[in-house]
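Asks: Chains as they are written, first to last, in this note's numbering: chain P, 1 to 169; chain L, 1 to 156.
The reader is advised that the hints may include incorrect statements.
Stated by the list, open to error - Below, a list of computed lysine-lysine pairs in the DSBU-like style, where the Cα atoms sit at most 30 Å apart:
1. P:K123 to L:K151
2. L:K125 to P:K113
3. P:K107 to P:K117
4. L:K45 to P:K14
5. P:K7 to P:K113
Treat the hints as calculated values from the structure; they're not laboratory data.
A quick note: this is a predicted structure, and the numbers were derived from the prediction, not measured.
The lines below spell out each chain.
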Amino acid sequence: MSSLPEKVKNWIGKVVISENEVITVEKGLWQNYCAAIEDGNDLYWDSKIAVEYTHDLIAPPGMLPSWSASNEWEPTQKKRNRPMELHFLLKEALNLELGIVAGIKFKYYEPVKAGDKITSEQKLISVTELMKTKLGSGRKWTIDVIYTNQNKDLVGLQSVRMLAYTKDK
Amino acid sequence: MNITEIDIGYKLPSFSSKTSVKSIQMGAITSRDWQPLHRDQIWSKEEAKLPDIIMNNYTYSGWLSRYITDWAGPSSRIGELDFKMITPIVPNDLMIFEGEISKITKFNENITWFFIDISVLVQGKKVTDSKAKVAIPHDENPINSPWKLRKEDWKP
Numbered sequence: 001m002s003s004l005p006e007k008v009k010n011w012i013g014k015v016v017i018s019e020n021e022v023i024t025v026e027k028g029l030w031q032n033y034c035a036a037i038e039d040g041n042d043l044y045w046d047s048k049i050a051v052e053y054t055h056d057l058i059a060p061p062g063m064l065p066s067w068s069a070s071n072e073w074e075p076t077q078k079k080r081n082r083p084m085e086l087h088f089l090l091k092e093a094l095n096l097e098l099g100i101v102a103g104i105k106f107k108y109y110e111p112v113k114a115g116d117k118i119t120s121e122q123k124l125i126s127v128t129e130l131m132k133t134k135l136g137s138g139r140k141w142t143i144d145v146i147y148t149n150q151n152k153d154l155v156g157l158q159s160v161r162m163l164a165y166t167k168d169k
Numbered sequence: 001m002n003i004t005e006i007d008i009g010y011k012l013p014s015f016s017s018k019t020s021v022k023s024i025q026m027g028a029i030t031s032r033d034w035q036p037l038h039r040d041q042i043w044s045k046e047e048a049k050l051p052d053i054i055m056n057n058y059t060y061s062g063w064l065s066r067y068i069t070d071w072a073g074p075s076s077r078i079g080e081l082d083f084k085m086i087t088p089i090v091p092n093d094l095m096i097f098e099g100e101i102s103k104i105t106k107f108n109e110n111i112t113w114f115f116i117d118i119s120v121l122v123q124g125k126k127v128t129d130s131k132a133k134v135a136i137p138h139d140e141n142p143i144n145s146p147w148k149l150r151k152e153d154w155k156p
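Start from the sequences, fold in the hints, and give me the full structure.
Replies: In structure tokens:
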């Protein structure tokens, strides 16, 4: 019999968190990211070249989840979700204090461009029973995220494999 | 490079880059990841018991994408990227990227799908294992760019 709390059992197979157009995609934001990884791809920097290949500058695909992350502070003081909020809700519901990302799979569809507003939906796919891991006692879970733009076009799918654990005393 | 002459087993040129406190913090902050284990050295060591701040996963995906498109050119289009983090990457790690073509399939008359196995090594040890699927046009003629496909024709 599963040892999962009812709340968590009810989340499996469902969209638990939605992030609706929290920020507007901007060239300056993605070029800061490109500077961090020293990525000079013309499609992110040079509009003359980008127009030939893509019709416009595009944001680096690796940054897709970033467009669903709320600002750290906002003047409205409204409650903000943490990046990958469902992961934190699971840690709290299952009393597992630490967590790491074990692996991620992305599929990229429509490119993200300046002015886009991205919506994401976090869906819980699976949670394991409590197990012994190298880091401590914990559970693994998988969260799928669906990203769409303001035109309802699919821009990406993300599947995140996570491990959350408590250090053994 | 003539992309149509590349076969399974072809090895991409390796690439290396040394991380720093600044580069790991920049990657996290610019990818809008505010978690302390990517930016706060004291918290990472004392609270999380990590060796140092660690690279966040969106910076990983950026480096992997960059490795692919540096080789394949800006007209290439990544369809799928899958990666597993085996050991965290920390400041002052010299990352060495190595890639090998594992499968090739036809996309259309002007574009080919290449499947690439990528490893990131630090001090000779594999720290990241990755698989990517990328559409590469056979020439630089913009008319053949996979980015110009109609959305219903792009099936990663």
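Asks: With reference to the structure, classify each hint as holding or not holding.
Replies: Hint check results:
| no. | hint | in the structure |
| --- | --- | --- |
| 1 | P:K123 to L:K151 | holds (24 Å) |
| 2 | L:K125 to P:K113 | violated (37 Å) |
| 3 | P:K107 to P:K117 | holds (19 Å) |
| 4 | L:K45 to P:K14 | violated (36 Å) |
| 5 | P:K7 to P:K113 | violated (38 Å) |
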